[in-house]
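From first to last, the protein sequence lines stand for chains A and B.
Residues in the first sequence are numbered consecutively from 1, following the numbering used here.
Residues in the second sequence are numbered consecutively from 1, following the numbering used here.
It is worth saying that the hints were derived from the structure and are not from the lab.
In this text the structure is predicted, and so the values were computed from the model without any measurement.
Treat the hints loosely; a few may be bogus.
If you only want the chain B side, here are some residues facing chain A, beta carbon under 10 Å, derived [stated by the list, open to error]:
1) SER6
2) ARG25
3) THR28
4) PRO48
Take a look, some chain A residues computed to stay more than 10 Å from chain B by CB distance [as the list claims (entries may be wrong)]:
5) GLU13
6) ILE100
7) PHE113
8) ASP121
9) ARG149
Where a beta carbon is used, it is the ideal one built from N, C-alpha and C, also for glycine.
Each chain, written out:
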Amino acid sequence: MSEDAGEHITAIETPVYLKYNFTAGQATTRFLQQVRQGKLVGQRRPECDCGNVYVPARGSCAACGLPTTEEVELGDKATVQSFTIVWIPIPNNPIQPPYIVANLVPDGANISFIHLMSECDNDSVHIGQRVEAVWKPEEEWDYAMDNIRYFRPLDEPDVPIEMIGKVPLAGWEGEA
Amino acid sequence: MSERLSQQFELGYTYTRSTGPIVGRFLTELRQRRIVGTRGDDGRVYVPPMEFDPVTASALDEFVEVADCGEVVSWCWVSEPRDSHPFDTPFAWALVKLDGADVPMVHAVCAGRDEMRTGMRVQACWAEETRGYITDIVCFEPEAQGKGP
Ligand SMILES: [Zn+2]
Numbered sequence: 001m002s003e004d005a006g007e008h009i010t011a012i013e014t015p016v017y018l019k020y021n022f023t024a025g026q027a028t029t030r031f032l033q034q035v036r037q038g039k040l041v042g043q044r045r046p047e048c049d050c051g052n053v054y055v056p057a058r059g060s061c062a063a064c065g066l067p068t069t070e071e072v073e074l075g076d077k078a079t080v081q082s083f084t085i086v087w088i089p090i091p092n093n094p095i096q097p098p099y100i101v102a103n104l105v106p107d108g109a110n111i112s113f114i115h116l117m118s119e120c121d122n123d124s125v126h127i128g129q130r131v132e133a134v135w136k137p138e139e140e141w142d143y144a145m146d147n148i149r150y151f152r153p154l155d156e157p158d159v160p161i162e163m164i165g166k167v168p169l170a171g172w173e174g175e176a
Numbered sequence: 001m002s003e004r005l006s007q008q009f010e011l012g013y014t015y016t017r018s019t020g021p022i023v024g025r026f027l028t029e030l031r032q033r034r035i036v037g038t039r040g041d042d043g044r045v046y047v048p049p050m051e052f053d054p055v056t057a058s059a060l061d062e063f064v065e066v067a068d069c070g071e072v073v074s075w076c077w078v079s080e081p082r083d084s085h086p087f088d089t090p091f092a093w094a095l096v097k098l099d100g101a102d103v104p105m106v107h108a109v110c111a112g113r114d115e116m117r118t119g120m121r122v123q124a125c126w127a128e129e130t131r132g133y134i135t136d137i138v139c140f141e142p143e144a145q146g147k148g149p
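Based on the provided sequences and hints, a complete structural model is requested.
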């Protein structure tokens with residue numbers, strides 16, 4: 001059995017895969033049904049002191065644990081709460097680095113969701129920046145957050161850090 | 001609201017693991033169809049090799065070649081293999097103490113359910129093409145009669 005000794009092994013590939021089925025609950029189903037119609041809709045519990053609007057809603061208020069019974073339609077505008085520049089390619093992901101992944105708070109909501117930013121200069125993306133959703137053509141809409149291709153910068157004044165997560169649906173007019 | 005939305009997902013981590021010099025040597029030897037362990041401070045031979053002595057914690061670097069046959073110390077029958085198992089027919093996970101080693105190592109044993117017993121002699125079945133992975137040993141099989149020590 002003469003086999004070439006070859007190089008000394010210093011690393012081995014050890015991939016791990018997790019396959020699972022995700023079944024949406026009532027709140028997520030409702031959210032996805034409306035995303036399919038091209039609308040971002042949050043939920044809140046009107047009686048709650050916290051007044052938080054959650055998106056995507058999970059069906060209960062994080063402050064009091066009670067069901068969020070009221071739907072609140074949100075706009076396409078949002079504020080950058082935080083972001084990262086991704087430099088490492090992700091297997092099977094068609095997006096080429098470097099690209100921006102951001103936590104965005106839509107106007108009228110109080111918590112952020114994660115989405116992509118594009119049509120922007122990566123080096124000038126910043127916390128408090130105003131952005132708007134760029135939707136796919138209507139015929140491509142499905143039960144998925146990537147109905148929104150990405151968010152792009154708006155030419156509006158930045159939201160001060162203490163106001164991020166508190167911008168009303170009417171939008172942000174800049175500091176008085 | 002009767003609609004039920006369900007979707008399949010696959011989450012994958014394409015890890016590459018650094019082996020370090022000790023495990024790297026073990027895998028390099030496996031690729032040449034040899035099994036090596038390290039000798040501990042008390043003289044015991046650990047297979048797969050330990051990087052540090054489990055009692056004194058000193059770094060170990062004396063490699064010892066052991067046989068590719070040995071004895072089943074303990075085992076568990078897998079009657080319904082899953083997707084991630086190495087075989088799609090029933091097999092055993094076993095602790096195999098190789099001749100020359102002082103501790104057993106885990107590997108699969110391909111044998112009939114009725115053949116499996118603690119103390120049985122087994123022999124490594126090598127892959128046709130070795131790559132430096134533990135799967136270079138496809139499994140252990142019952143040793144042919146009269147080949148024992
Ligand atoms: Zn509440």
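A quick look at each hint next to the structure:
1. Taken as an interface hint, B:SER6 checks out: its beta carbon lies about 4 Å from the nearest beta carbon of chain A, inside 10 Å.
2. The beta carbon of B:ARG25 is positioned within 10 Å of a beta carbon in chain A (closest approach about 7 Å), and the interface hint is therefore held.
3. The interface hint given for B:THR28 is met, as the beta carbon of that residue sits about 5 Å from the closest beta carbon of chain A, less than 10 Å.
4. At a threshold of 10 Å, the smallest CB-CB gap from B:PRO48 to chain A is about 13 Å, leaving the interface hint violated.
5. The non-interface label for A:GLU13 is inconsistent with chain B: the shortest C-beta to C-beta separation is roughly 5 Å, within 10 Å.
6. Against chain B, the non-interface label of A:ILE100 holds: every CB pair exceeds 10 Å, the least being about 22 Å.
7. Every Cβ of chain B is farther than 10 Å from the Cβ of A:PHE113; the closest lies at roughly 18 Å, confirming the non-interface assignment.
8. With a minimum CB-CB distance of about 31 Å to chain B, A:ASP121 clears the 10 Å threshold, and the non-interface call stands.
9. Chain B leaves A:ARG149 outside its interface by the beta-carbon criterion, the shortest separation being 20 Å against a cut-off of 10 Å.
Consistency with the previously given hints fails for numbers 4, 5, ordered from lowest to highest.
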